[in-house]
Amino acid sequence: MDFLLKKRPATLPVSFYDSMTRLSTSLKHLDHAVREMDEERQKLSALAGIGEVVNSSLRLETVLEIAMDTIIRLTNAERGFLMLRGTSGEMEIQVARNWDQTTVASGDFSISSTIVKEVAEKQTPVLTTNAQNDPRFDGQQSVMVNQLRSILCVPLEIKSSLLGVIYVDNRIRSGIFSKMELELLTAFANQAAVAIENARLFRSISLTLEEVTELKNLMDNVLASIASGVITADVEDKIILTNRAAESILGRAGRELVGHPLLEEVPPLASALQPMIDRVLQTNQPVIGMETSPDLPSRGVVDLRFNLSPLKDAQQRTQGVAIVVDDLTEKKRLERQRRLFERMVSPAVIDQLDPDRLELGGSRAEITVLFADIRGFTSFAELLDPVELVAVLNQYLATAADAVLQQEGTIDKFMGDAVMAWFNAPLAQSDHPMRAVRAALVMQSRIKALHARLPETQHLSFGVGIHTGEAVLGLVGTEKRLEYTAMGDCVNTTKRLQENAVSGQILISAQTYALVRNNVVVRTVEPMLVKGKRAPLEVYEVLAAR
Numbered sequence: 006m007d008f009l010l011k012k013r014p015a016t017l018p019v020s021f022y023d024s025m026t027r028l029s030t031s032l033k034h035l036d037h038a039v040r041e042m043d044e045e046r047q048k049l050s051a052l053a054g055i056g057e058v059v060n061s062s063l064r065l066e067t068v069l070e071i072a073m074d075t076i077i078r079l080t081n082a083e084r085g086f087l088m089l090r091g092t093s094g095e096m097e098i099q100v101a102r103n104w105d106q107t108t109v110a111s112g113d114f115s116i117s118s119t120i121v122k123e124v125a126e127k128q129t130p131v132l133t134t135n136a137q138n139d140p141r142f143d144g145q146q147s148v149m150v151n152q153l154r155s156i157l158c159v160p161l162e163i164k165s166s167l168l169g170v171i172y173v174d175n176r177i178r179s180g181i182f183s184k185m186e187l188e189l190l191t192a193f194a195n196q197a198a199v200a201i202e203n204a205r206l207f208r209s210i211s212l213t214l215e216e217v218t219e220l221k222n223l224m225d226n227v228l229a230s231i232a233s234g235v236i237t238a239d240v241e242d243k244i245i246l247t248n249r250a251a252e253s254i255l256g257r258a259g260r261e262l263v264g265h266p267l268l269e270e271v272p273p274l275a276s277a278l279q280p281m282i283d284r285v286l287q288t289n290q291p292v293i294g295m296e297t298s299p300d301l302p303s304r305g306v307v308d309l310r311f312n313l314s315p316l317k318d319a320q321q322r323t324q325g326v327a328i329v330v331d332d333l334t335e336k337k338r339l340e341r342q343r344r345l346f347e348r349m350v351s352p353a354v355i356d357q358l359d360p361d362r363l364e365l366g367g368s369r370a371e372i373t374v375l376f377a378d379i380r381g382f383t384s385f386a387e388l389l390d391p392v393e394l395v396a397v398l399n400q401y402l403a404t405a406a407d408a409v410l411q412q413e414g415t416i417d418k419f420m421g422d423a424v425m426a427w428f429n430a431p432l433a434q435s436d437h438p439m440r441a442v443r444a445a446l447v448m449q450s451r452i453k454a455l456h457a458r459l460p461e462t463q464h465l466s467f468g469v470g471i472h473t474g475e476a477v478l479g480l481v482g483t484e485k486r487l488e489y490t491a492m493g494d495c496v497n498t499t500k501r502l503q504e505n506a507v508s509g510q511i512l513i514s515a516q517t518y519a520l521v522r523n524n525v526v527v528r529t530v531e532p533m534l535v536k537g538k539r540a541p542l543e544v545y546e547v548l549a550a551r
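Heads up, the sequence shown is in the working numbering, so the first residue is 6 and it goes up one at a time.
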């Protein structure tokens with residue numbers, strides 16, 4: 006066509022050339038329009054792609070870098086910055102990208118702070134094709150110093166609330182941004198704002214979830230390490246949570262308990278716990294220290310202590326019951342063993358013994374020994390049934406033992422119908438001879454009270470011997486069978502005095518009398534020649550205490 010218009014052959018009429026000229030012009034306009042439409046289509050397609058990228062992930066930093074690279078390519082910008090409002094209200098750069106898809110160095114953050122501030126304050130976009138000649142920014146230092154030319158800046162908004170701004174520029178070329186780039190960047194900003202808000206919410210939820218998970222793990226670890234059993238149940242008695250200790254105490258796995266009614270899964274607890282659970286739910290008050298001894302199928306009879314409290318939510322509404330259970334079975338067993346042991350051995354002796362450092366042997370100490378024997382018991386025993394005989398014997402021995410313990414003496418042993426005890430060991434007692442005498446006098450007094458309760462045919466009395474001297478105290482026997490006792494001539498002498506005491510009589514040696522003479526009333530007894538002694542013993546009968 007250009008050839009015809011230039012050569013203009015004469016054979017063709019002038020009207021033909023006019024028509025060709027108009028057609029050529031129309032084709033040029035059409036071609037330009039097609040190009041513009043194609044460019045716009047490409048940009049819209051790219052915008053759709055950016056939207057897809059922005060909303061494809063909640064890892065905002067990576068997504069925005071890709072989006073900013075795309076924006077720079079579509080707008081022919083040299084650089085792009087995405088800024089978010091910080092806690093102080095100032096704009097803080099989050100993403101900074103170059104035209105070559107690299108991150109802008111922090112030292113090259115030369116932008117127009119004036120334009121950024123204006124967009125942030127007015128929440129309206131700013132487009133300038135050449136900031137150097139734009140009268141709106143005439144004299145602005147950041148524009149002049151940084152030689153800024155083409156600048157496009159749009160606000161990031163979500164529900165009319167400013168999140169930040171997107172800023173792109175080209176410091177080399179002027180006039181590269183148009184209304185189309187403005188609309189493109191504005192559309193992207195709208196999508197980016199939604200993505201940023203979603204990412205912030207996701208991050209907040211993630212952090213909260215991490216905190217909740219960490220707290221749950223901590224609670225699980227705490228519950229697992231607590232020696233007491235912990236059980237929580239809702240208002241319908243269904244178990245919500247158990248810890249390892251509770252599972253061990255109840256003899257049931259947690260998976261068998263959670264989600265099921267507690268009292269149906271562990272029936273032996275029903276009669277004791279049901280009233281307490283009802284009380285907690287009705288009164289919103291705890292129940293502390295409830296003890297019961299259920300017979301559990303997997304463990305047998307156990308001793309348990311329960312503390313129950315209302316389980317409340319954040320609004321202090323009762324949602325169920327929290328139960329803390331302690332297994333007292335072993336503790337109760339040891340307590341029962343100790344009480345039994347205390348009946349066989351003086352509590353003072355028990356406190357002096359270290360189970361981890363038991364050694365055979367003993368040490369010397371001055372003590373006052375007391376022997377008390379029931380007179381006439383052998384012939385009396387022939388008249389009673391063995392069961393009845395033991396019942397009567399125990400009453401007399403208990404009377405003697407109580408009298409000794411009242412004076413803080415140590416009961417060594419029961420020997421048939423006799424009691425052996427001593428004073429001043431293992432705890433020192435400066436008045437130990439007088440304690441022994443008072444114990445003997447208390448025996449006499451209590452025997453009279455016992456006679457008032459027993460038939461006359463069962464009236465018996467003690468003969469008592471008391472002597473003060475040196476003895477060896479310690480453990481004798483083997484590692485399998487030990488006995489803490491006193492040995493020596495002091496013990497033998499006391500035994501001989503007791504053998505010579507008649508019913509209801511208290512005999513003391515001269516050594517003991519010398520230590521208590523100012524506190525007792527005595528009667529002198531004829532010196533006694535006893536087995537194992539060459540010379541007669543000087544003996545006194547105690548009548549009363551002063």
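Mixed in with the good hints, there may be bad ones.
Okay, the calculated beta carbon distance ranges per label pair [claimed, not checked]:
hint	residue 1	residue 2	range
1	ALA277	ILE245	13 to 23 Å
2	ASN289	GLU126	37 to 47 Å
3	THR191	GLU215	51 to 61 Å
4	ALA549	HIS456	18 to 28 Å
5	VAL507	ALA396	18 to 28 Å
6	GLU66	SER115	18 to 28 Å
Okay, derived cross-link-like pairs now, PhoX-like style, lysine-lysine, Cα gap no bigger than 20 Å in a straight line [unchecked claim]:
hint	residue 1	residue 2
7	LYS221	LYS317
8	LYS536	LYS500
9	LYS538	LYS500
10	LYS418	LYS500
11	LYS127	LYS164
Derived from the structure by calculation, the hints contain no laboratory data. Keep in mind that this is a model prediction, so the values were computed, not measured. Quick reminder that beta carbons are idealized off the backbone N, C-alpha and C, glycines included.
Going through the hints against the structure:
Taking the beta carbon of each, ALA277 and ILE245 are about 21 Å apart, inside 13 to 23 Å as hinted. Look at ASN289 against GLU126: about 55 Å separates their beta carbons, and that is not inside 37 to 47 Å. Separated by about 36 Å at the C-beta atoms, THR191 and GLU215 break the suggested range of 51 to 61 Å. Checked against the hint of 18 to 28 Å, the C-beta distance between ALA549 and HIS456 comes to roughly 19 Å, which is consistent with it.
Here the CB-CB span from VAL507 to ALA396 is close to 26 Å, well matched to the stated 18 to 28 Å. A hinted range of 18 to 28 Å holds for the C-beta pair GLU66 and SER115, which are about 23 Å apart. Between LYS221 and LYS317 the alpha-carbon distance is near 17 Å, which keeps this suggested pair within the 20 Å criterion. Distance hint between LYS536 and LYS500 is fulfilled; the C-alpha atoms sit about 10 Å from each other, no more than 20 Å.
Between LYS538 and LYS500, the direct Cα distance comes to roughly 12 Å. Compliance with the 20 Å bound is thereby established for this hinted pair. With a C-alpha separation of about 13 Å, the suggested pair LYS418 and LYS500 falls inside the 20 Å cut-off, and the hint holds. Annotation: proposed proximity of LYS127 to LYS164 holds, straight-line Cα distance about 15 Å (limit 20 Å).
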